[in-house]
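Sequences and hints are given; from them, build the entire structure.
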Amino acid sequence: MSGGFRRPAFRYPILLVLAAVALSGCSLLRGPQQAPITEAVPDLVEPASSTLVAGPPETTVQTETTKPETPAKPKRPPAPPPKKEEPPPPPVATPAPPPPTPAPLIVTRLIDRNQAHGLLDSEVQRPDGKVVGRAVDLVTDPSGKPIEMIVNLQGFLGVGDRKVNFPWNVFRFTPAAKTAPITLNLAPGQAPPTDRAKAAAAAAGTATATRLPLLDATVERPNGAKVGRVIDVLIDANAQPQAVVLDVSGMVSADRRTIAANWSALRFAVKDKTLYPLMDLSDAAIAASPPYASDQPIRAVSPAPPAPPATPAPPPAAAASSTATASTARASR
Amino acid sequence: MVTTRSLRALDWMNFFVANVQTGFGPFIASYLASHKWTQGEIGMALSVGTISAMVSQVPAGAAVDAMKNKKGAAAWAIIAIILSAVLLASSPTVLPVIAAEVFHGFASCMLVPAMAAISFALVGRQNLGDRLGRNARWASIGSAIAAGLMGLFGEYFSSRAVFWLTAALAMPALIALSMVQNTGTVDATPQAKPIPDADEKRESLRELLRDKRMLIFAACIVLFHLSNAAMLNLAAGEVTAGMGDNVQLVIAACIIVPQAIVAMMSPWVGRSAQRWGRRPILLFGFAALPVRALLFAGISSPYLLVPVQMLDGLSAAVFGVMLPLIAADVAGGKGRYNLCIGLFGLAAGIGATLSTAAAGFIADRFSNTVSFFGLAAAGALAVLLVWAAMPETRESETVPQPEGVPEAP
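Read top to bottom, the protein sequences are chains U and C. The number in the working numbering is simply the position in the first sequence, starting from 1, with 109 added. The number in the working numbering is simply the position in the second sequence, starting from 1, with 442 added.
The set of hints was computed from the structure by calculation and includes no laboratory data. Misleading hints may appear alongside valid ones.
[Stated by the list, open to error] Chain U regions said to be covered by chain C (calculated; three or more residues, Cβ under 8 Å):
| no. | segment |
| --- | --- |
| 1 | 229 to 242 |
| 2 | 255 to 269 |
[Unchecked claim] Among chain C residues calculated to face chain U with C-beta under 8 Å, some are:
| no. | residue |
| --- | --- |
| 3 | Q481 |
| 4 | G679 |
| 5 | Q690 |
| 6 | L746 |
Computed from a predicted structure; not experimentally measured. Where is the CB? At the ideal position from N, CA and C, for every residue including glycine.
Here it is as structure tokens:
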């Protein structure tokens with residue numbers, strides 16, 4: 110077998126180059142081939158039900174919701190096309206005129222960027238201003254109340270990083286801060302957790318019936334279909350989660366599509382002794398949701414209040430019941 | 443003849459390549475996290491890297507064996523590494539990152555054996571120990587300096603700048619490589635052994651896999667890394683959890699101090715391995731492992747980690763020189779040198795992966811102290827294996843020693 114390797118081995122450089130070309134080409138190939146989804150859907154801005162609503166009056170809603178549709182158009186459909194009653198209008202449909210479509214699929218709520226901050230990768234500082242690490246995850250209980258935050262305490266060049274669970278109540282949030290938005294307030298007697306947090310850390314990776322590490326959890330519909338994967342949580346200054354950011358494309362997908370969904374729309378259920386998040390957001394509703402992007406205002410969506418699927422629901426009722434959802438959510442906090 | 447210029451160029455090449463490899467360490471996880479990757483996504487990307495590195499060890503070694511032009515292999519590997527650094531720096535999204543991880547995994551599997559092969563071809567068997575000692579010295583100087591530089595870059599610019607720096611530091615490695623003379627031109631050097639390209643003596647993979655020395659040393663490597671790989675991270679994690687003021691400084695010292703020790707000791711290790719044989723040196727270096735683990739288990743002050751890390755330098759120096767040296771002993775004369783290095787690299791990868799997983803699991807379930815005891819046990823087992831089973835692989839000056847005969851040190 111002497112020399113048997115020679116010829117193939119000579120091609121290794123070539124293979125490498127070919128592989129490079131092939132890999133870099135993947136994203137090119139995937140781009141333009143999808144059918145555009147255009148669903149001109151009227152949005153209802155939730156009336157000022159909480160301090161966070163800084164939304165424009167309802168008159169601006171129409172133009173606002175149609176604008177994000179355009180960037181969303183070339184995106185891939187996140188899931189099998191919506192099997193809803195209303196057929197997707199032809200791509201040429203102009204979204205500008207008030208659409209004759211039936212029920213609104215979603216209601217959106219504008220969240221001011223200065224009032225809620227993404228949890229993931231936010232710097233965590235000690236009260237004296239020294240940054241000790243970054244937030245990586247949040248653990249909630251079945252009622253949707255956060256009970257712990259997982260912080261990645263930073264070492265040097267990645268060596269010595271350590272993830273530690275801290276109880277939620279030791280953190281203060283200052284979403285508008287230029288520096289670290291999260292402050293870790295350990296009481297003097299409350300030593301940096303060693304063994305106690307260790308035990309928690311053992312459980313942290315996996316969800317149990319009473320606790321769920323939210324990031325990377327898959328949000329499902331009541332019927333078991335997948336809505337999306339949680340990739341961030343927006344927290345306000347009162348340490349209340351306001352919205353979850355969902356990745357509604359796949360994990361390995363050329364273009365990532367993310368939306369923000371209201372925390373109040375999130376429910377939790379237990380399946381196989383583990384807690385998991387639920388949200389009744391249909392595929393069509395996902396497609397209609399404005400994308401979550403760092404340079405745009407945050408518009409958190411909720412599924413529209415239960416209306417008969419085919420018949421148009423009177424907007425006032427929808428608005429009223431959406432406030433009802435919000436208030437129940439607030440009550441549950 | 444080997445020119446001094448080539449040897450100098452080889453020094454520098456080791457220096458810059460080590461620079462580059464530093465950027466691809468655990469730092470990738472921090473980098474991705476700073477671009478809002480969730481832990482699940484980071485874990486996936488890193489697993490892709492680990493798997494591709496493991497899978498490509500043996501094929502890459504075989505490929506380098508089969509290539510006449512070792513310099514070409516090294517050059518391609520460096521180019522691939524530059525490419526992956528640029529990919530990482532330019533776009534931290536899923537596809538480029540995974541491509542970068544795959545490229546880097548394969549390229550570093552080519553680069554390590556290719557550089558050992560160039561050294562081998564330049565100096566021959568007799569001086570290989572010395573040469574590998576020098577290589578290790580320059581490599582450790584390189585990674586110490588790179589760790590410092592990258593730490594500063596990450597602190598004052600951005601984590602992305604670290605990868606641009608990585609790519610930039612790889613360029614001089616290419617220049618240094620181009621100044622090394624062609625390995626084909628040193629055939630005239632007076633050496634008893636045939637150069638590794640000698641086709642007629644190439645043994646088959648199966649033969650190599652049956653070689654008892656190879657198997658025993660591979661087992662030693664698995665145990666060594668089982669004990670070693672997770673140790674620093676575990677100890678440093680303890681420092682981090684303390685949230686003191688100088689966490690970064692202490693951990694940086696824990697990384698740089700052992701590199702300094704390696705730089706000082708490697709040439710001595712190489713010379714002594716030629717003079718006294720491999721076994722005593724191996725025992726010496728491996729024995730530092732369980733001692734270090736026990737010390738880590740015992741100490742409480744974070745500042746004491748730094749002196750204990752000097753032991754890490756000791757075992758790293760021995761390991762870094764001995765792996766290519768023993769590979770040359772086992773397979774060098776038979777044209778399977780790089781394949782053998784690949785197999786050893788695979789063993790190291792397996793050990794390291796198991797180590798991180800097991801140590802993390804034990805630390806979560808019980809405590810760090812228990813975890814350190816576990817690592818110490820693995821280290822002790824490695825020492826025991828070397829002592830009880832590892833034959834001396836150095837060939838005596840007169841006759842090549844028959845394999846598998848243990849020599850009393």
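Hint by hint, here is what the structure shows:
A stretch counts as covered by a chain when three or more of its residues have a beta carbon under 8 Å from one of that chain; for the segment 229 to 242 of chain U and chain C the count is 6, and the coverage holds. Given as covered by chain C, the segment 255 to 269 of chain U passes the check, having 9 residues with a CB less than 8 Å from a CB of that chain where 3 are the minimum. With 8 Å as the threshold, the beta carbon of Q481/C comes within range of chain U, its nearest partner Cβ sitting at about 6 Å, so the hint holds. For G679/C, the shortest C-beta to C-beta distance to chain U is roughly 4 Å, which falls under 8 Å, so the interface hint holds.
A distance limit of 8 Å between C-beta atoms decides the matter here; for Q690/C the minimum to chain U is near 5 Å, and the interface restraint holds. Because the closest C-beta pair between L746/C and chain U is about 15 Å apart, greater than 8 Å, the hint is violated.
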